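> Those protein sequence lines, which keep their order, are chains A and B.
Throughout, my numbering is defined as the position within the first sequence, counted from one, plus 226.
Throughout, my numbering is defined as the position within the second sequence, counted from one, plus 226.
It is possible that part of the hints are untrue.
The list makes no distinction among identical chains, and a pair is therefore deemed to hold if it is satisfied within one copy or across any two copies.
Keeping only pairs whose Cα atoms sit at most 20 Å apart, straight-line, the calculated PhoX-like set for lysine-lysine is [to be verified]:
#	residue 1	residue 2
1	K435	K251
2	K364	K342
3	K251	K374
4	K291	K262
5	K289	K373
6	K245	K374
7	K291	K281
8	K251	K291
9	K342	K289
10	K374	K291
11	K271	K291
12	K373	K435
13	K271	K251
The hints are simulated quantities; they were obtained by calculation from the structure and are not laboratory data.
In this text the structure is predicted, and so the values were computed from the model without any measurement.
There are 2 protein chains.
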Amino acid sequence: MIIETTGHIFILMEKITPKIQIRIKLLQTGLRLFGKNGYNGTGIKEIVDEVGVPKGSFYNYFKSKEDFTVEIIGFYSDTLDVHWNELLAKGPSEPLAALRNSFEMIISLHEQSEVKTGCLIGNLAAEISEASELCRQKMRGATINWKKRIAGYIARGQAMGTIRNDISTRALTEFIWNAWEGGLLNMKIQASTTPVKECVRLLFDFFLKP
Amino acid sequence: MIIETTGHIFILMEKITPKIQIRIKLLQTGLRLFGKNGYNGTGIKEIVDEVGVPKGSFYNYFKSKEDFTVEIIGFYSDTLDVHWNELLAKGPSEPLAALRNSFEMIISLHEQSEVKTGCLIGNLAAEISEASELCRQKMRGATINWKKRIAGYIARGQAMGTIRNDISTRALTEFIWNAWEGGLLNMKIQASTTPVKECVRLLFDFFLKP
Chain A
227 MIIETTGHIF
237 ILMEKITPKI
247 QIRIKLLQTG
257 LRLFGKNGYN
267 GTGIKEIVDE
277 VGVPKGSFYN
287 YFKSKEDFTV
297 EIIGFYSDTL
307 DVHWNELLAK
317 GPSEPLAALR
327 NSFEMIISLH
337 EQSEVKTGCL
347 IGNLAAEISE
357 ASELCRQKMR
367 GATINWKKRI
377 AGYIARGQAM
387 GTIRNDISTR
397 ALTEFIWNAW
407 EGGLLNMKIQ
417 ASTTPVKECV
427 RLLFDFFLKP
Chain B
227 MIIETTGHIF
237 ILMEKITPKI
247 QIRIKLLQTG
257 LRLFGKNGYN
267 GTGIKEIVDE
277 VGVPKGSFYN
287 YFKSKEDFTV
297 EIIGFYSDTL
307 DVHWNELLAK
317 GPSEPLAALR
327 NSFEMIISLH
337 EQSEVKTGCL
347 IGNLAAEISE
357 ASELCRQKMR
367 GATINWKKRI
377 AGYIARGQAM
387 GTIRNDISTR
397 ALTEFIWNAW
407 EGGLLNMKIQ
417 ASTTPVKECV
427 RLLFDFFLKP
């Protein structure tokens, strides 16, 4: 049995048809190259060459590059969902500590990675949210999902008194998204995880506390 | 006398040679198109066509697209410097209020603009900081400049007791950069200025206060 990992999603490769296998490989390769070179910096030819299929066949799998990108955003967001759920479940039971632990675990992955990709959704938002309404809507949906999970933890922390409750759960969650995404951009500009570590430290040592 | 405005930099067009005039037009056009479509989404041909010069002549002005982009980052950052200095000088004398007023004035410009560009440096950082070390270094320099000005106001506010001083000036300034840039990304994803307005509200109503 061949088990292939795409981030934290395990796929039993024997159970799926060759067509679906190629589709997954195209998405995995696109995800990696978009992370490194962005949407416009990645050519379809580059992707099909890596996967080893002819360029024309790409359009048997995806209607267009835009359609492909919408699927990549979904693929990335699903992978991230599984990863966040795992991290939060394995972490401390107190919500503020569980959130902090998850952010710190993700930072340590960025630290180990030579390419400082940051967040694919933040990167694509910066590059193409004006150019593709379809991708923008998909990114919006992905961030709503992510924030729902964070908001659940924030609300529990507020109810327990470990997170400040003079600011609404929704506003705190939006703020965490902003600070985190900005911290990842700062990491990219400084080519160092220090800015995003410092960002998480201030959030959790000061701003989220009651 | 012809006065042309590039953001808030006024250039006396009579005093400069036609070659420099074309150079400035190439930078202005590049700045606008990079803001809309990003680095890889903007072709040199598109830029020279808008300015009305042959494609080959582009390389009389700039060594390469990368070199051009380095100059655009400098051009944007200089324009922003003038703008921030004006906003801060015209604002309230108390440093926290002066900063808040400047951020709010800039948000109102984003609100009036149909294209939600956000911050060119944040956008290019997301797209090309891995691909171009030259551009990354230039962006880093630009953010250091920007943060120096903000840090000056933060330090004054801390000395006056209107800004919290249990966190270092440097750490607060870095955090403001992160939150602001993330707020602008959030604006792009949601196609609305509400997220960045809320971000500034939380920073100034809560997190920066003593």
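> Would you pick out the hints that fail for this structure and give their numbers low to high?
1, 3, 5, 6, 9, 10
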